[in-house]
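Chain by chain, the residues run as shown.
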Amino acid sequence: MKIKFMGHKITGARILLYVVIVTITALMLLPFIWMLSASLKLDREVFAFPIQWIPAQPRWENYVEIWHQIPLARFIYNTAKITVIVTALQLFTSSFAAYAFAKLRFPYQNVLFLGYIATIAVPWHVYMVPQFIMMREFGLNNTHLALICLQAFTAFGVFLMRQFYMSIPDELCEAARIDGMNEYQIWARIILPLSKPALSTLCIFTFVATWNDFLGPMIYLTETKLKTIQIGLRMFISQYSSEYGLIMAASVVVLIPVLVVFLSLQRFFVEGVAASGLKG
Amino acid sequence: MIDRHTTSSSALRVSGTEEEEPPVSSTNTNINVAVKQRARPLLSKKQRQRRSNLVAYSFIAPNFLGFVIFTLGPILFAFALAFMHWDGSNPIQFAGLDNFFALFHDSAFQAALWNTLIYTAFSVPLTLAAALGVAVLLNEKIIGRNFFRTAMFFPYVASLVAVAVVWNMLFNPAMGPVNMLLYTAGVDPQSLPGWAADSSWAMVTVIFFGVWKDLGYFMVIYLAGLQGINGDLYEAADLDGASSWQKFWHITVPQLAPTTFFVSVMLTIQSFKVFDQIFMITQGGPGTSTLVLVYHIYNEAFISWDLGYASMVAMVLFLIVLAVTVVQFRFTRED
Chain A
25 MKIKFMGHKI TGARILLYVV IVTITALMLL PFIWMLSASL KLDREVFAFP
75 IQWIPAQPRW ENYVEIWHQI PLARFIYNTA KITVIVTALQ LFTSSFAAYA
125 FAKLRFPYQN VLFLGYIATI AVPWHVYMVP QFIMMREFGL NNTHLALICL
175 QAFTAFGVFL MRQFYMSIPD ELCEAARIDG MNEYQIWARI ILPLSKPALS
225 TLCIFTFVAT WNDFLGPMIY LTETKLKTIQ IGLRMFISQY SSEYGLIMAA
275 SVVVLIPVLV VFLSLQRFFV EGVAASGLKG
Chain B
24 MIDRHTTSSS ALRVSGTEEE EPPVSSTNTN INVAVKQRAR PLLSKKQRQR
74 RSNLVAYSFI APNFLGFVIF TLGPILFAFA LAFMHWDGSN PIQFAGLDNF
124 FALFHDSAFQ AALWNTLIYT AFSVPLTLAA ALGVAVLLNE KIIGRNFFRT
174 AMFFPYVASL VAVAVVWNML FNPAMGPVNM LLYTAGVDPQ SLPGWAADSS
224 WAMVTVIFFG VWKDLGYFMV IYLAGLQGIN GDLYEAADLD GASSWQKFWH
274 ITVPQLAPTT FFVSVMLTIQ SFKVFDQIFM ITQGGPGTST LVLVYHIYNE
324 AFISWDLGYA SMVAMVLFLI VLAVTVVQFR FTRED
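For the protein sequence lines, the chains are A and B, in the order given. Sequential numbering of the first sequence, starting at 25, is according to the working numbering. Sequential numbering of the second sequence, starting at 24, is according to the working numbering.
Just so you know, these hints were derived from the structure itself, not from any lab. The model shown is predicted, which means the values in this text are computed figures rather than measured ones. Among the clues, some could well be false.
[Said to hold, decoys possible] Each computed DMTMM-like pair below joins lysine to aspartate or glutamate, with the alpha-carbon atoms no more than 20 Å apart:
#: 1; chain 1: B; residue 1: K270; chain 2: B; residue 2: D255
#: 2; chain 1: B; residue 1: K69; chain 2: A; residue 2: D203
#: 3; chain 1: A; residue 1: K105; chain 2: A; residue 2: E247
#: 4; chain 1: B; residue 1: K164; chain 2: B; residue 2: D299
#: 5; chain 1: B; residue 1: K68; chain 2: A; residue 2: E207
#: 6; chain 1: B; residue 1: K270; chain 2: B; residue 2: E163
[Stated by the list, open to error] If you anchor each label on the Cβ, the simulated ranges turn out as follows:
#: 7; chain 1: B; residue 1: P212; chain 2: A; residue 2: R68; range: 39 to 49 Å
#: 8; chain 1: A; residue 1: L216; chain 2: B; residue 2: L88; range: 16 to 26 Å
#: 9; chain 1: A; residue 1: Q290; chain 2: B; residue 2: D263; range: 35 to 45 Å
#: 10; chain 1: B; residue 1: F354; chain 2: A; residue 2: Y132; range: 49 to 59 Å
In this text, a Cβ means the ideal position worked out from N, Cα and C, and glycines have one as well.
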């Protein structure tokens, strides 16, 4: 079967392809669309069937009310604060340490690096209990500092950056040394500018992992004013379990920053994930 | 690399006035050395070595200190704790292998181990197949391809709590749209699935959620893999008159084998660590029908405060993940 459309030949297979893709995409997005639609309804309208996708009388008040019911702005601020600090620390300390492992020679280098490698395979859940006890001893329970400390110094970051630095020719560093640069200058002026792809990959991974972290904040943060978006929203859900419209409105608000960041940095997201696959 | 470094340092040495430091006798000590250093700004070989070591350690220190205190220390502590009795406040007692034998009498642990295996056995192949299928479809030159790719990827970055609560509403057994739809389609109200509230459907609900959320991530990895396939292979197959289906099975799938291997290892490790979505959707229930290993660790540690036993369960998780990692390492080396 062949049809002409706007001067292009369209085959039956082509049409089928579009139908399949549009169907799958619709299924993937349906929960979000339903969420948006429900956020503008009264609680009793949310489960009305057949689904009224566009509410006859949208209740915009839901979006006003949630700001009075829960400290959403506070949660967003807390999450943003932790995420930005963790990501900055992770990028700085990982690329700094990776430089020594990739470009310098010093005693016990291999032993130290093995120490890092050996822990990559250990899931965080294996040592979250002793870590929590230790943080509690340090008096860091119910602080953002605890979450920052436990996420900012990962072996994965050092490993990823070191692998990338190994691909930068040593001759570049040698030439800079002969020109009289010290190691810190070489790192800052030569290696860092060259490692943008690896840095953006690490940045995206750290950002997403920290922003969406659930179990960490759940264990460490019990005070409402300290909570992050994920556990703050969860607290709200358990408190107002039958106020469906409000819960959906809060969920939409929570997803907006993610959507904005994701859409503006999408290229880096995709490149970062793709790079992680090629590495393996 | 080591060679290159020594040559360079010897090159530097030539440029300075290299002289071996005379052995400092025990009689003329500090003052003598100080005078000598002032007179000759160039450092001795030993001092230079020490200085370059210090520079190297200064690069490592910020990360390494954090890593040792917050990761390595707790890991070692966790291994020790598996052989202790401790509730976090009273003194620690040595337990020998008590915690290990307790595993065999703990039906919740056995359920958690079994459920984790079931979750992994289904979610890994399902996610893999879905990601591969979608990647192949979205590798075609179609209008709006970027939009479709973005839509597939978005659930992965979306905050879990927000999407899990929608999932719970959609799959609400009594009034959720999914069951309403099934009812309208003629399914008997008595045999409508109870989803998260029904012990025989709870695992299915959680697995569906996992596939939906993670599919986009692995699709991107597959898309990268598809870019790496040599186009000539498809052209040759076209000349031979191969169908799209044949090309998929005889070119795409074998060519993607390394990607598939990588994706399945990542997915397997991730599945053994599953927790967040189960906590949000089923709370491990009904009963123990969706209790998984990490959930059991969480319960034993932060609900029962049996820290030693929690660490023993954690060791089981560690050994499983380690085994998967070793298999991966073996295979990638052979390649």
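Here's how the hints hold up against the structure:
The straight-line distance between the Cα atoms of K270(B) and D255(B) is roughly 12 Å, inside the 20 Å bound, and the hint therefore holds. The suggested pairing of K69(B) with D203(A) is violated, with an alpha-carbon distance near 23 Å, which exceeds 20 Å. Proximity of K105(A) to E247(A) is assessed by CA-CA distance (about 16 Å); at most 20 Å being required, the pair is judged to hold. Pair hint K164(B) plus D299(B) does not hold up; C-alpha atoms about 37 Å apart against a cutoff of 20 Å.
Restraint check for K68(B) and E207(A): the C-alpha separation of about 18 Å stays at or below 20 Å, so the hint holds. About 14 Å separates the Cα atoms of K270(B) and E163(B), which keeps this hinted pair within 20 Å; it holds. With their beta carbons about 21 Å apart, P212(B) and R68(A) fall outside the hinted range of 39 to 49 Å. Evaluation of the 16 to 26 Å hint for L216(A) and L88(B) yields a pass: the beta carbon distance comes to about 21 Å.
Remark: the range hint 35 to 45 Å for Q290(A) to D263(B) is upheld by a beta-carbon distance near 39 Å. Between F354(B) and Y132(A) the C-beta distance comes to about 31 Å, which lies outside the given range of 49 to 59 Å.
The structure fails to meet hints 2, 4, 7 and 10 from the earlier list, while all remaining hints are met.
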